[in-house]
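Residue numbers (my numbering), protein chains in the order written: chain U, 17 to 205; chain P, -6 to 94.
Hints are not guaranteed to be accurate.
Ranges of calculated distance between the beta carbons of each label pair, as one might list FRET restraints [as the list claims (entries may be wrong)]:
hint, chain 1, residue 1, chain 2, residue 2, range
1, P, 89, U, 157, 48 to 56 Å
2, U, 140, P, 87, 22 to 30 Å
3, U, 187, P, 87, 13 to 21 Å
4, U, 173, P, 79, 43 to 51 Å
5, U, 138, P, -6, 15 to 23 Å
6, P, -5, U, 151, 36 to 44 Å
7, U, 151, P, 87, 49 to 57 Å
8, U, 174, P, -5, 28 to 36 Å
9, U, 190, P, 89, 19 to 27 Å
10, U, 138, P, 76, 52 to 60 Å
Listed next, the stretches of chain P that the computed footprint assigns to chain U, with coverage defined by at least 3 CB atoms under 8 Å from CB atoms of chain U [as the list claims (entries may be wrong)]:
hint, region
11, -5 to 4
12, 51 to 62
13, 67 to 80
Simulated from the structure, these hints should not be mistaken for laboratory data.
Glycine included, every Cβ here is placed at the ideal spot set by N, Cα and C.
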Amino acid sequence: MTAAQAVPGALLTGAAGWMFVIFAVLALGMAVAVVVARNPIHSALFLLSSFLLVACIFILQQAEFVGAVQILVYAGGIMVLFLFVIMLVHQRGVQERLTFQHQWDVALLFLLVFLLPFLYVLWTERFPELPQNLDAFRTVRGKIAGNTEAVAWVLYRDYLLPFEVASVFLLVAMIGAVVLGKRSAEKVD
Amino acid sequence: MTITINHFLVVSFLLFSIGLFGVLVRRNFLTVLMSVELMLNAVNLNLIAFSRRLSDLTGQVFSVFVITIAAGEAAIGLALTISLFRQRRTLNVEEASSMQG
Chain U
17 MTAAQAVPGA LLTGAAGWMF VIFAVLALGM AVAVVVARNP IHSALFLLSS
67 FLLVACIFIL QQAEFVGAVQ ILVYAGGIMV LFLFVIMLVH QRGVQERLTF
117 QHQWDVALLF LLVFLLPFLY VLWTERFPEL PQNLDAFRTV RGKIAGNTEA
167 VAWVLYRDYL LPFEVASVFL LVAMIGAVVL GKRSAEKVD
Chain P
-6 MTITINHFLV VSFLLFSIGL FGVLVRRNFL TVLMSVELML NAVNLNLIAF
44 SRRLSDLTGQ VFSVFVITIA AGEAAIGLAL TISLFRQRRT LNVEEASSMQ
94 G
């Protein structure tokens, strides 16, 4: 990681850079497969591999805690939820007549319009040459610790209120999911 | 291979665009939800890259919050999916148009 200090503005160099390219290309391919796959189970499995590849990119970026959370929450929690629902609503023998809606060409045109301001910003914006502190993600009170400790220090000291709001949000989401998912009273007889 | 923030922006933009395209054109409600997850993941990628670029941990903390929101959104969305399937026996988003939306 000493080579990263030599080039200002470089996030990854050498073999780590090539690994990023491999992970990114595979993740994009999996994302395309999610959108074009006809069977929802195939979509879910492609989405799972896309999440795992993005978690690998997080770990390359020295964000080990977020990478682990990505694997635990997305791959472990959300994907299991998706697969359960696919299992519950699976219609045997009913094949989708059309995968895409009729306006897919208009949507593609919209994305091209969306691309133009992005390219403009990418070409004109020069991000400042900041000195990078490679130990910033693992330093707690001046001492070298782990990434998890450093994230916890920032999360519980500076962002305690958003953290509590997030827990209330999860409670609301849980109650909402139970209320939406249960059968209405008049239909149960 | 030297990777700068611009490479991350391009990858993140492409991932977001693929997710947006899926949201716009897929007819299956489950796949629309999966595309929304792809878009949230692209935003996370950007947050992590800028966190590294600025040597600031706030981006990582924020992406943990984004993952929390994604989990809640998936739970609500899937409950809506089950509710829709129970009412209409279909997952096609075009069938759920009784409010003329």
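Structure-based check of all given hints:
1. P:89 with U:157: 48 to 56 Å: holds, 54 Å
2. U:140 with P:87: 22 to 30 Å: The hinted range 22 to 30 Å is violated for residue 140 of chain U and residue 87 of chain P, with Cβ atoms some 41 Å apart.
3. U:187 with P:87: 13 to 21 Å: violated, 34 Å
4. U:173 with P:79: 43 to 51 Å: Holds, since residue 173 of chain U and residue 79 of chain P (Cβ atoms, about 46 Å apart) stay within the stated range.
5. U:138 with P:-6: 15 to 23 Å: holds, 19 Å
6. P:-5 with U:151: 36 to 44 Å: The hint (36 to 44 Å, Cβ to Cβ) is violated, given that residue -5 of chain P and residue 151 of chain U are roughly 21 Å apart.
7. U:151 with P:87: 49 to 57 Å: holds, 53 Å
8. U:174 with P:-5: 28 to 36 Å: At roughly 32 Å between Cβ atoms, residue -5 of chain P and residue 174 of chain U fall inside 28 to 36 Å, so the hint holds.
9. U:190 with P:89: 19 to 27 Å: holds, 24 Å
10. U:138 with P:76: 52 to 60 Å: violated, 42 Å
11. -5 to 4: Holds: 10 residues of the region -5 to 4 of chain P have a Cβ under 8 Å from chain U.
12. 51 to 62: holds (count 9)
13. 67 to 80: Since 11 is at least three, the answer is holds.
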